[in-house]
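Trainee: Letter by letter, the chains look like this.
2 protein chains.
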Amino acid sequence: MYTPEYLEDFTIRVFEKMGCSKEDATAAAKVFIAAELNGLPSHGMLRIKDYFQLWQAERINVKPNIRIVHESPSTAVVDGDGAIGMIAATRSMEIAIEKAKVAGTGWVSTRGSNHYGIAGYYSKMALEHDMIGICMTIANPVVAPTWSVTPMLGTNPIAVAIPSKSYPPFVADFSTTPIARGKLAVAGKKGEKVPLGYVQDKYGNPSDNPDIIKEGGSMLTLGGSYEHGSHKGYCLSAIVDIFSCVLSGANFGPFCPPSVAYLPLKDEKVGEGTGHFFGAMRIDAFQEKDAFLSQMDKWIETFKSAKPGVGHERVLIPGEPEMERQERILNEGISIIEPIQKEMKEIADSLNLEFQVGM
Amino acid sequence: MYTPEYLEDFTIRVFEKMGCSKEDATAAAKVFIAAELNGLPSHGMLRIKDYFQLWQAERINVKPNIRIVHESPSTAVVDGDGAIGMIAATRSMEIAIEKAKVAGTGWVSTRGSNHYGIAGYYSKMALEHDMIGICMTIANPVVAPTWSVTPMLGTNPIAVAIPSKSYPPFVADFSTTPIARGKLAVAGKKGEKVPLGYVQDKYGNPSDNPDIIKEGGSMLTLGGSYEHGSHKGYCLSAIVDIFSCVLSGANFGPFCPPSVAYLPLKDEKVGEGTGHFFGAMRIDAFQEKDAFLSQMDKWIETFKSAKPGVGHERVLIPGEPEMERQERILNEGISIIEPIQKEMKEIADSLNLEFQVGM
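Residue numbers (the numbering used here), protein chains in the order written: chain G, 1 to 359; chain F, 1 to 359.
Just so you know, the hints here were simulated from the structure itself, not pulled from any lab data. Where hints are given, some of them may not hold.
Just so you know, same-sequence chains aren't split out, so a pair can sit in one copy or run between any two.
Under the rule of at most 35 Å between Cα atoms (straight-line distance), these lysine-lysine pairs were calculated in the DSBU-like manner [unchecked claim]:
| hint | residue 1 | residue 2 |
| --- | --- | --- |
| 1 | Lys165 | Lys202 |
| 2 | Lys304 | Lys342 |
| 3 | Lys101 | Lys289 |
| 4 | Lys63 | Lys289 |
| 5 | Lys202 | Lys30 |
| 6 | Lys17 | Lys289 |
| 7 | Lys266 | Lys165 |
| 8 | Lys266 | Lys63 |
| 9 | Lys269 | Lys304 |
| 10 | Lys17 | Lys345 |
| 11 | Lys307 | Lys266 |
| 12 | Lys183 | Lys298 |
| 13 | Lys307 | Lys193 |
| 14 | Lys289 | Lys49 |
| 15 | Lys289 | Lys269 |
| 16 | Lys63 | Lys17 |
| 17 | Lys214 | Lys298 |
| 18 | Lys22 | Lys183 |
| 19 | Lys202 | Lys304 |
| 20 | Lys63 | Lys165 |
| 21 | Lys304 | Lys183 |
Turn these sequences into a full structure, and let the hints guide you.
Mentor: This is the structure in structure tokens:
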């Protein structure tokens, strides 16, 4: 088991060796560690190799000039200048928060970025400022719009964090597909079948084969079938795409640049890099702060009091499962599976860094 | 077949007879007619009786003092003072648009309102100002959070309207459930079964009986089952609830006041009336307007070019089906089913108005 401190320190050193400033490397490392602590290893140490290889391929900018290129009192478009996604996203959310301090709310659409890890991290940055945080991003196009077979959208997640007085914050962080891409990949590796409604074959027939997307198939939007409202998931995913990319001038939908170096850059560009969208709403721009926080307590208590259905013992508030996993992981330490440890050791060796395998 | 003008004129007269000002009556009538023109009769003439009966029961305020009770440069909380929902909502969206003109974006959370008809109407108000419009509302609690059997949430719709240069606007307007409440009711009246994933019985077992909600059952959130991501639909619906009601001080979740007079007011109040949430984002607060509109054209062309799957001839852009229905209805006229015509005639008689049955 690794401590968060050990892994954060290692991650900072990796990014510093790539050429990032201490400040940028630290900002990026915090997002990787947050994913591990939230029990989402698919966005944790696993992804360091992706960034290492993008750096080797000279497809990321470790000395970016991240800047506002257009703004109004409550909005900004940020150009990430090809930065590591976590760095561009952290800076963008800070700008949204600064805007909100003055204008009541702040909204930032970011272009020229890359894969930014877990959306929930940025939405939660707003909480310590007594704000509601919102965050969205596009991702590799593997999802087909309803009635189509062309992968045009990513799993395009949405995260919203809302503070309360006495309880952990409400934190919704979810992809706009029935299942996250990482979980589908895991089922594929295990050779398991998946329920109908996750994926379709290249003709648009329902499929239970998680690897069908390697054979021209595609993931389906939240709802899973038109009958069950997949067109609503398509709407959601499209909104994330437009807010993140058309508002900022990034590569929307099928033009999203790959987040891994083994996939070639696309022939056609319609904008700059990957796009995200951030929002911060100051609580006291709507309500006296304490009144709002007390009412959120009442909201949480009300929903926790819902009667569980057969086979369930309790009803969850969004964010509770991640919070409980984090408590457990903080106690037990972070477990890194062996193949990932091996990758980290290889990266360490090639950068002349220490990494202890088998902790 | 009725003309939109005839029905709008009739609706204005009904609301004027109830005591509304000409301006308020006109604002309300426009939303009713928009529902009919969009081919959504469940939110059209059918609902006039609901408001007529709420007025008879003295449960709406026809002379409301709709006002801002809290604000910042980009936000406001609006108190609807018990107004007809369409009037409070129209005023609230106007305020969001005014805020956006100055601050780049405008965000309004509204309390003390009532059922406001179709969400898409208000989001589309932003389009003529070269803005993106956003709108959400709570509704009667008939939807259970994932893993629970207690109806705590409404079908809580979200609407987002985005302008383009050469095409009809992108207009997403969808409930956060697999199916809208009205369609479920229709299936019940026809004695039809519905697919699993729409509703559950009072114990939480899947059900294909659309009338099960009259026997202690509940509707399910978008996703339909946990396996298919219903917790994501729960997150979405909860976000709509909190933005509409906790930010404004309205009655959240299970405390949402009934939108019909035959249901008694609830014993417990946690705020004022029904809540909604509105947003307006000025395009040129993010991008030069023409550049954005051209890029939206490219977005629409890209998604229209997606290859249709088996059994489908084309891929839709959100808003297209409603737009096509509207073109047809504008040509053919508005068809009102006989029972609703009868209700309208009864209302006309009791208010000393003319209404011609059988047009």
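Trainee: All hints, please: hold or fail.
Mentor: Cross-check of the supplied hints:
no., hint, in the structure
1, Lys165 / Lys202, "between (49 Å within a copy, 33 Å between copies)"
2, Lys304 / Lys342, "neither (43 Å within a copy, 45 Å between copies)"
3, Lys101 / Lys289, "both (14 Å within a copy, 26 Å between copies)"
4, Lys63 / Lys289, "between (39 Å within a copy, 31 Å between copies)"
5, Lys202 / Lys30, "neither (39 Å within a copy, 44 Å between copies)"
6, Lys17 / Lys289, "neither (44 Å within a copy, 42 Å between copies)"
7, Lys266 / Lys165, "between (47 Å within a copy, 26 Å between copies)"
8, Lys266 / Lys63, "within (23 Å within a copy, 60 Å between copies)"
9, Lys269 / Lys304, "between (47 Å within a copy, 18 Å between copies)"
10, Lys17 / Lys345, "within (14 Å within a copy, 79 Å between copies)"
11, Lys307 / Lys266, "between (50 Å within a copy, 19 Å between copies)"
12, Lys183 / Lys298, "both (34 Å within a copy, 32 Å between copies)"
13, Lys307 / Lys193, "both (32 Å within a copy, 26 Å between copies)"
14, Lys289 / Lys49, "neither (43 Å within a copy, 40 Å between copies)"
15, Lys289 / Lys269, "between (45 Å within a copy, 20 Å between copies)"
16, Lys63 / Lys17, "within (12 Å within a copy, 68 Å between copies)"
17, Lys214 / Lys298, "between (47 Å within a copy, 28 Å between copies)"
18, Lys22 / Lys183, "within (33 Å within a copy, 57 Å between copies)"
19, Lys202 / Lys304, "between (42 Å within a copy, 18 Å between copies)"
20, Lys63 / Lys165, "neither (40 Å within a copy, 37 Å between copies)"
21, Lys304 / Lys183, "both (27 Å within a copy, 30 Å between copies)"
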